[in-house]
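Note that our numbering gives residue 453 to position 242 of the sequence shown, counting from 1, and the numbers run on in steps of one.
It is worth saying that the hints were derived from the structure and are not from the lab.
Each hint should be verified, as a subset may be incorrect.
Said to hold, decoys possible - FRET-style restraints, in silico, Cβ to Cβ: (1) Leu450 to Thr314: 41 to 49 Å; (2) Val363 to Trp462: 37 to 45 Å; (3) Ser366 to Gln417: 30 to 38 Å; (4) Ala420 to Trp462: 55 to 63 Å; (5) Leu316 to Ala388: 21 to 29 Å; (6) Ala463 to Gln320: 25 to 33 Å; (7) Lys272 to Glu317: 45 to 53 Å; (8) Pro386 to Ala423: 31 to 39 Å.
Claimed, not checked - Derived DSS-like pairs: lysine-lysine, alpha-carbon spacing no greater than 27 Å straight-line: (9) Lys339 to Lys272; (10) Lys311 to Lys432; (11) Lys337 to Lys277; (12) Lys432 to Lys272.
Every residue, glycine too, gets a C-beta built ideally from N, C-alpha and C.
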Amino acid sequence: MTAITMPQLFGVDAGAYAVDAAAAFTSAFTVAPLIAGIDQAIVQNASGRSTLGQSLASSFKMMVSKPHHFVMQPASLMLWGVYGGTYVAVNWVTSICDAKDATALERNQMKFGVVSSVNLSLNITKDKAFTRMFGTGLARPVPLPTIAAFGVRDSLTVFASFNLAPLVGALTGAPAASQLVCPVAMQFVSAPIHLWGLDTYNRPGQTSASRAAFINTEYVKTALARCGRILPAFGICPLVNARVRSTYHAWAG
Numbered sequence: 212m213t214a215i216t217m218p219q220l221f222g223v224d225a226g227a228y229a230v231d232a233a234a235a236f237t238s239a240f241t242v243a244p245l246i247a248g249i250d251q252a253i254v255q256n257a258s259g260r261s262t263l264g265q266s267l268a269s270s271f272k273m274m275v276s277k278p279h280h281f282v283m284q285p286a287s288l289m290l291w292g293v294y295g296g297t298y299v300a301v302n303w304v305t306s307i308c309d310a311k312d313a314t315a316l317e318r319n320q321m322k323f324g325v326v327s328s329v330n331l332s333l334n335i336t337k338d339k340a341f342t343r344m345f346g347t348g349l350a351r352p353v354p355l356p357t358i359a360a361f362g363v364r365d366s367l368t369v370f371a372s373f374n375l376a377p378l379v380g381a382l383t384g385a386p387a388a389s390q391l392v393c394p395v396a397m398q399f400v401s402a403p404i405h406l407w408g409l410d411t412y413n414r415p416g417q418t419s420a421s422r423a424a425f426i427n428t429e430y431v432k433t434a435l436a437r438c439g440r441i442l443p444a445f446g447i448c449p450l451v452n453a454r455v456r457s458t459y460h461a462w463a464g
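Full structure from sequences and hints, please.
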């Protein structure tokens, strides 16, 4: 029986890319609904439409009582797309680096460059939609400073997850713990940037002092909420994705 030859790109079979994509979207589905509920709560809290606790309680109540409705909401589907696409990029970069016998430095550079570009594009598109859906006032274009703030925020998270965590894991001998801790800890750095971006959209024309006061008021609960949404997205999902990807490739032969 003649073996089927698959077309290749960058030394990787097309079939391997398909397996990588399937693993990525399977892994992302396990965390997307939870992240959607937390993201919605953060945006609604910043806009004043709802408190963080009220929004989270409403989402989690629906998640438990009507899970099939919750996972099919636009917010959940958008998050599935964001993290499915992000981990497709992670898996494809991994496959290409494996095929090219890339060094650790080359892997880190490729992962940060490719994954951050993909994640930023998808996340900013999602954030623009969430800001319009759950912000205040009439829907309007999201200003460039807000988009820039979201981009910096996401770059810091990607760096912590895919570059800093492996380095800390190698130094400490605890790679799994480092993968869980590093992206979460980064939220205490990025939360003010996130809040500034949301406030720029919700309250245009405010003074620096007014924005600083808003950030100071909302910082702790927003940072903790972002820790809660980053833990599944960039702490747990990379571990799930690695296991699912390995399993799917084993099944595919």
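Each hint tested on the structure:
1. Leu450 to Thr314: 41 to 49 Å: 23 Å, violated
2. Val363 to Trp462: 37 to 45 Å: Given range 37 to 45 Å: holds, Cβ gap about 39 Å.
3. Ser366 to Gln417: 30 to 38 Å: 25 Å, violated
4. Ala420 to Trp462: 55 to 63 Å: 58 Å, holds
5. Leu316 to Ala388: 21 to 29 Å: 23 Å, holds
6. Ala463 to Gln320: 25 to 33 Å: 28 Å, holds
7. Lys272 to Glu317: 45 to 53 Å: 47 Å, holds
8. Pro386 to Ala423: 31 to 39 Å: 38 Å, holds
9. Lys339 to Lys272: 26 Å, holds
10. Lys311 to Lys432: 44 Å, violated
11. Lys337 to Lys277: With a Cα-Cα distance of about 23 Å, the restraint between Lys337 and Lys277 holds, given a limit of 27 Å.
12. Lys432 to Lys272: 20 Å, holds
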